[in-house]
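Colleague: Based on the hints, put chain L in the right spot on chain R.
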Amino acid sequence: SQQGEEDPQALSIQEGENATMNCSYKTSINNLQWYRQNSGRGLVHLILIRSNEREKHSGRLRVTLDTSKKSSSLLITASRAADTASYFCATEPLGSEKLVFGKGTKLTVNP
Amino acid sequence: DAGVIQSPRHEVTEMGQEVTLRCKPISGHNSLFWYRQTMMRGLELLIYFNNNVPIDDSGMPEDRFSAKMPNASFSTLKIQPSEPRDSAVYFCASSRGTGGTEAFFGQGTRLTVV
Numbered sequence: 001s002q003q004g005e006e007d008p009q010a011l012s013i014q015e016g017e018n019a020t021m022n023c024s025y026k027t028s029i030n031n032l033q034w035y036r037q038n039s040g041r042g043l044v045h046l047i048l049i050r051s052n053e054r055e056k057h058s059g060r061l062r063v064t065l066d067t068s069k070k071s072s073s074l075l076i077t078a079s080r081a082a083d084t085a086s087y088f089c090a091t092e093p094l095g096s097e098k099l100v101f102g103k104g105t106k107l108t109v110n111p
Numbered sequence: 001d002a003g004v005i006q007s008p009r010h011e012v013t014e015m016g017q018e019v020t021l022r023c024k025p026i027s028g029h030n031s032l033f034w035y036r037q038t039m040m041r042g043l044e045l046l047i048y049f050n051n052n053v054p055i056d057d058s059g060m061p062e063d064r065f066s067a068k069m070p071n072a073s074f075s076t077l078k079i080q081p082s083e084p085r086d087s088a089v090y091f092c093a094s095s096r097g098t099g100g101t102e103a104f105f106g107q108g109t110r111l112t113v114v
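Respectively, the protein sequence lines represent chains R and L.
Heads up, the first sequence is in the numbering used here, so the first residue is 1 and it goes up one at a time.
Heads up, the second sequence is in the numbering used here, so the first residue is 1 and it goes up one at a time.
For reference, chain R alone in the conformation it holds in the complex:
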């Protein structure tokens, strides 16, 4: 069963705009991670945020986590055409080491 659900399913923006993707999950977690997948490729890890953290930055990425609402958001600032990909959130349920993925948000950045 899916633990995380991303929203929106698809997002199309212009280069230079910011892109925001959201993730909701159901159970308590150790941490939440965001991954990127280019078409036909494997997933690549972007950023990890622990359950006791509220916000984290990495380059143009900003992730927030609200454990009371069981939700997270990924913000990509100043988007580029090369950011076009699918983005997935993955949760590590409390007491487990497995990673459970949502269905992803397909981001298209138009040049």
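Please note: incorrect hints may appear among the correct ones.
Using 20 Å as the maximum straight-line C-alpha spacing, the simulated EDC-like pairs for lysine to aspartate or glutamate come out as follows [to be verified]: (1) L/Lys78 to L/Glu14; (2) R/Lys70 to R/Asp83; (3) R/Lys69 to R/Glu53; (4) R/Lys106 to R/Asp7; (5) R/Lys98 to L/Glu44; (6) R/Lys26 to L/Glu62; (7) R/Lys26 to R/Asp83; (8) L/Lys78 to L/Glu102; (9) R/Lys26 to R/Glu53; (10) R/Lys26 to R/Asp7; (11) R/Lys98 to R/Glu5; (12) R/Lys98 to L/Asp56; (13) R/Lys56 to L/Glu14; (14) L/Lys24 to L/Asp63; (15) R/Lys98 to L/Glu102; (16) R/Lys26 to L/Asp63; (17) L/Lys78 to L/Glu62; (18) R/Lys103 to R/Asp83; (19) R/Lys106 to L/Glu44; (20) L/Lys78 to L/Glu11; (21) L/Lys78 to L/Asp63; (22) L/Lys68 to L/Glu18; (23) R/Lys56 to R/Asp66; (24) L/Lys78 to L/Asp57; (25) R/Lys103 to L/Glu44; (26) L/Lys78 to L/Glu18; (27) R/Lys70 to R/Asp7; (28) R/Lys103 to R/Glu5; (29) R/Lys103 to L/Asp63; (30) R/Lys98 to L/Asp57.
Residues of chain R placed beyond 12 Å of chain L at every Cβ, according to the derived structure [claimed, not checked]: (31) Ile13; (32) Thr67; (33) Ala82.
With the Cβ distance kept under 10 Å, some of the chain R side facing chain L (calculated, not the full set) [as the list claims (entries may be wrong)]: (34) Arg41; (35) Gly42; (36) Leu43; (37) Arg50; (38) Val100.
It is worth saying that the hints were derived from the structure and are not from the lab.
No residue lacks a Cβ here, since even glycine has one placed at the ideal position from N, Cα and C.
Modeller: Okay, now just chain L, sitting in the frame of chain R:
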């Protein structure tokens, strides 16, 4: 490090045949995951191992699927007999397995059962 290596990259087989997918995790990683990705169901966790021991196989769809990890550097996912609905991309991923660490994915095996 070459990363997680999966083979074959593509597999086309006839319904009823046995299919074996292979994975070599990153050296030193203690956890290994098998996922299946389809348009309809997204990325499903099939099974994961920690220190070569299967920890959670609740995602394995049915008895036709089996996975083994005979040593720290090799794992297989077998489907016997295969069915057209098994067509998907199968990913293997590994991590250090200490909790709170990132997973590294292979390039996947695209399986088509005709």
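Colleague: So which hints don't hold here, by number, going up?
Modeller: When the structure is compared with the hints, numbers 2, 6, 7, 8, 13, 14, 16, 29 turn out to be violated.
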